[in-house]
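Q: Residue-level listing of the chains:
Number of protein chains: 2
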Amino acid sequence: MILYKPIGVIHSPFRDQEGMPIQPAGARGIQGWIDINDDYMEGLRNLEGFSHIILLYHFHLSNGYDLKLTPFLDKAKKGLFSTRAPRRPNPIGLSVVKLVCIEGKIIKIENIDIADETPLLDIKPYVPAFDAFSDATSGWVKGKAEWLCDIRADDRFSKENG
Amino acid sequence: MILYKPIGVIHSPFRDQEGMPIQPAGARGIQGWIDINDDYMEGLRNLEGFSHIILLYHFHLSNGYDLKLTPFLDKAKKGLFSTRAPRRPNPIGLSVVKLVCIEGKIIKIENIDIADETPLLDIKPYVPAFDAFSDATSGWVKGKAEWLCDIRADDRFSKENG
Numbered sequence: 004m005i006l007y008k009p010i011g012v013i014h015s016p017f018r019d020q021e022g023m024p025i026q027p028a029g030a031r032g033i034q035g036w037i038d039i040n041d042d043y044m045e046g047l048r049n050l051e052g053f054s055h056i057i058l059l060y061h062f063h064l065s066n067g068y069d070l071k072l073t074p075f076l077d078k079a080k081k082g083l084f085s086t087r088a089p090r091r092p093n094p095i096g097l098s099v100v101k102l103v104c105i106e107g108k109i110i111k112i113e114n115i116d117i118a119d120e121t122p123l124l125d126i127k128p129y130v131p132a133f134d135a136f137s138d139a140t141s142g143w144v145k146g147k148a149e150w151l152c153d154i155r156a157d158d159r160f161s162k163e164n165g
Numbered sequence: 004m005i006l007y008k009p010i011g012v013i014h015s016p017f018r019d020q021e022g023m024p025i026q027p028a029g030a031r032g033i034q035g036w037i038d039i040n041d042d043y044m045e046g047l048r049n050l051e052g053f054s055h056i057i058l059l060y061h062f063h064l065s066n067g068y069d070l071k072l073t074p075f076l077d078k079a080k081k082g083l084f085s086t087r088a089p090r091r092p093n094p095i096g097l098s099v100v101k102l103v104c105i106e107g108k109i110i111k112i113e114n115i116d117i118a119d120e121t122p123l124l125d126i127k128p129y130v131p132a133f134d135a136f137s138d139a140t141s142g143w144v145k146g147k148a149e150w151l152c153d154i155r156a157d158d159r160f161s162k163e164n165g
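Chains as they are written, first to last, in my numbering: chain A, 4 to 165; chain B, 4 to 165.
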């Protein structure tokens with residue numbers, strides 16, 4: 004077993020999963036902030052030079068998982084690991100968000116598809132040379148990403164439905 | 004506290020941190036494989052359509068952390084969260100690797116910068132519409148990524164030096 008402890012809390016306008024945007028690409032302009040625990044503040048130095056950051060967080064509103072599920076972007080069941088659904092064996096979320104500014108222990112962010120009060124596990128700088136693969140093929144998601152702006156989450160992955 | 008359990012094990016040619024490539028971008032052509040626990044095999048369906056996958060894993064060779072550290076790509080100390088160093092409060096690694104093929108519970112992968120026997124926490128499909136931000140600015144890493152092919156890790160982030 005592996006034990007982690009949140010390093011801060013993510014704040015957003017989204018109190019529950021229903022109505023939330025799907026992916027940062029469907030959340031353009033939506034703002035939120037991270038409140039980093041005092042203990043870790045010094046580790047934020049040099050981060051402000053990056054326009055985007057990778058957030059790893061714990062999907063605290065999800066529990067349990069199904070190995071096949073119907074994702075928001077399709078009507079047919081898919082294998083869990085071919086989706087970004089929050090109900091996973093280890094419910095770790097990953098979002099690439101825009102870094103607006105850092106003020107002390109507060110990091111202001113944009114394009115946020117994350118529920119309010121989500122426990123933050125890690126921040127990494129987004130580096131195109133490490134992370135941007137524009138030519139990657141996207142399997143069953145191909146051609147569906149353009150729907151992102153119109154689709155909002157329902158409660159299918161919430162704790163009550165877990 | 005948050006508790007996770009590995010879903011499989013990552014295998015690679017790298018037995019310890021010294022001499023390892025830095026980032027998948029510095030590990031082109033290096034092959035490895037993932038052995039997924041039987042329990043989760045069904046969740047791999049539909050994954051093969053994706054050319055790249057995101058691996059989240061536990062840096063099992065690291066322990067402890069410093070909030071400021073000298074990364075491989077620079078000579079000056081940087082704030083921990085502006086680096087991809089393995090010694091972190093929650094030592095979760097993230098690599099985007101090429102998916103070669105899936106045979107039962109074995110996933111063959113390429114461009115692997117991960118130590119042998121690393122516990123795997125999650126697999127997510129890499130989707131350019133979600134994950135590729137080619138125009139992102141990369142702070143202190145700017146202009147240094149081209150060194151990746153020539154640089155190899157030393158043992159500065161290993162357990163012994165933790």
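These are calculated hints, taken from the structure and not from any lab test.
Predicted, not measured: the structure shown is a model, and the values here were computed from it.
Some hints could be false.
Identical copies go unnamed one by one, so any copy, or any two together, can satisfy a pair.
[Said to hold, decoys possible] List time: in silico SDA-like cross-link candidates among lysine to any residue, alpha-carbon distance up to 20 Å:
id	residue 1	residue 2
1	LYS147	PRO16
2	LYS80	MET44
3	LYS147	PHE136
4	LYS145	PRO9
5	LYS111	GLU21
6	LYS78	TYR43
Q: Now tell me if each hint is right for this structure.
A: To see whether the hints hold, each was checked on the structure:
For a Cα distance limit of 20 Å, the shortest separation of LYS147 from PRO16 qualifies neither inside one copy, at 25 Å, nor across copies, at 37 Å. Taking the shortest Cα distances, LYS80 and MET44 sit within 20 Å of each other only across copies (15 Å), while inside one copy they are farther apart (42 Å). When the C-alpha separation of LYS147 and PHE136 is checked against a cutoff of 20 Å, the pair qualifies both within a copy, at 18 Å, and between copies, at 18 Å. Proximity of LYS145 to PRO9 under the C-alpha cut-off of 20 Å is found in neither arrangement, the shortest distances being 34 Å within a copy and 29 Å between copies.
For the identical chains of this complex, LYS111 and GLU21 are neighbours neither inside a copy (23 Å) nor across copies (37 Å), given an alpha-carbon limit of 20 Å. When the C-alpha separation of LYS78 and TYR43 is checked against a cutoff of 20 Å, the pair qualifies neither within a copy, at 43 Å, nor between copies, at 22 Å.
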